[in-house]
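Start from the sequences, fold in the hints, and give me the full structure.
Note that our numbering numbers the sequence shown so that position 59 is 59, with each residue one more than the last.
These aren't lab readings, by the way, just hints derived from the structure by calculation.
A couple of the hints might just be wrong.
To be verified - With beta-carbon atoms standing in for the labels, derived distance ranges:
1. Lys85 with Ile154: 35 to 43 Å
2. Gln155 with Asn65: 33 to 41 Å
3. Cys28 with Ala146: 21 to 29 Å
4. Lys158 with Ile35: 43 to 51 Å
5. Met70 with Leu159: 36 to 44 Å
6. Val104 with Lys158: 42 to 50 Å
7. Gln132 with Arg52: 31 to 39 Å
8. Ser156 with Lys80: 42 to 50 Å
Idealized CB from N, CA, C, for every residue including glycine.
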Amino acid sequence: MSQKPPFKVFAGTNSRYLAEKICNALNCEMGNMKIQHFADGEFGVSFEESIRGSQVYLVQSTFPNSDNLMELLLMIDAAKRASAKSIIAVVPYFGWARQDKPRVSIAAKLIADLLSVAGIDRLITMDLHADQIQGFFNVPVDHLYASSVFSRYIQSLKLENMVIATPDVGGSK
Numbered sequence: 001m002s003q004k005p006p007f008k009v010f011a012g013t014n015s016r017y018l019a020e021k022i023c024n025a026l027n028c029e030m031g032n033m034k035i036q037h038f039a040d041g042e043f044g045v046s047f048e049e050s051i052r053g054s055q056v057y058l059v060q061s062t063f064p065n066s067d068n069l070m071e072l073l074l075m076i077d078a079a080k081r082a083s084a085k086s087i088i089a090v091v092p093y094f095g096w097a098r099q100d101k102p103r104v105s106i107a108a109k110l111i112a113d114l115l116s117v118a119g120i121d122r123l124i125t126m127d128l129h130a131d132q133i134q135g136f137f138n139v140p141v142d143h144l145y146a147s148s149v150f151s152r153y154i155q156s157l158k159l160e161n162m163v164i165a166t167p168d169v170g171g172s173k
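Right under this line is the structure:
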């Protein structure tokens with residue numbers, strides 16, 4: 001008899017492709033979750049299997065439009081109410097992170113608070129706009145960097161006189 005994995009992976013609407021790739025790499029099935037859309041634009045999330053006592057990974061980017069963030073918040077809340085042992089948000093793109101100037105809202109802090117209050121136990125994300133965003137969270141943050149993958153690939157091309165451009169100072173690092 002095969003033993004169930006000690007974790008379950010679920011995907012938000014706009015991160016399903018990545019979640020499928022993650023599940024293939026881990027040789028596990030993606031969890032069964034339903035996102036129901038209503039005529040007035042609202043939507044609801046429900047887990048279609050028991051997650052009681054499970055370590056749950058919720059894969060969903062928070063890039064605008066705000067429906068992506070709201071969907072992740074509802075996924076977290078539903079997992080908490082379904083008695084998940086722990087909830088890990090896997091957010092490949094952490095949106096709302098560029099507002100960090102004087103006299104503007106610091107949206108990344110607000111998002112960190114929302115995710116924490118919703119019930120995450122850990123965040124896995126990559127290439128944050130600013131490293132200090134990790135400090136906005138009251139839970140552990142695993143901040144991954146894509147540059148380690150890209151730099152090896154670019155070096156393997158052995159190109160001469162290469163130029164890499166970035167849209168802003170935050171990307172220059």
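Hint check:
no., hint, in the structure
1, Lys85 with Ile154: 35 to 43 Å, "holds (40 Å)"
2, Gln155 with Asn65: 33 to 41 Å, "holds (37 Å)"
3, Cys28 with Ala146: 21 to 29 Å, "holds (24 Å)"
4, Lys158 with Ile35: 43 to 51 Å, "holds (46 Å)"
5, Met70 with Leu159: 36 to 44 Å, "holds (43 Å)"
6, Val104 with Lys158: 42 to 50 Å, "holds (44 Å)"
7, Gln132 with Arg52: 31 to 39 Å, "holds (36 Å)"
8, Ser156 with Lys80: 42 to 50 Å, "holds (44 Å)"
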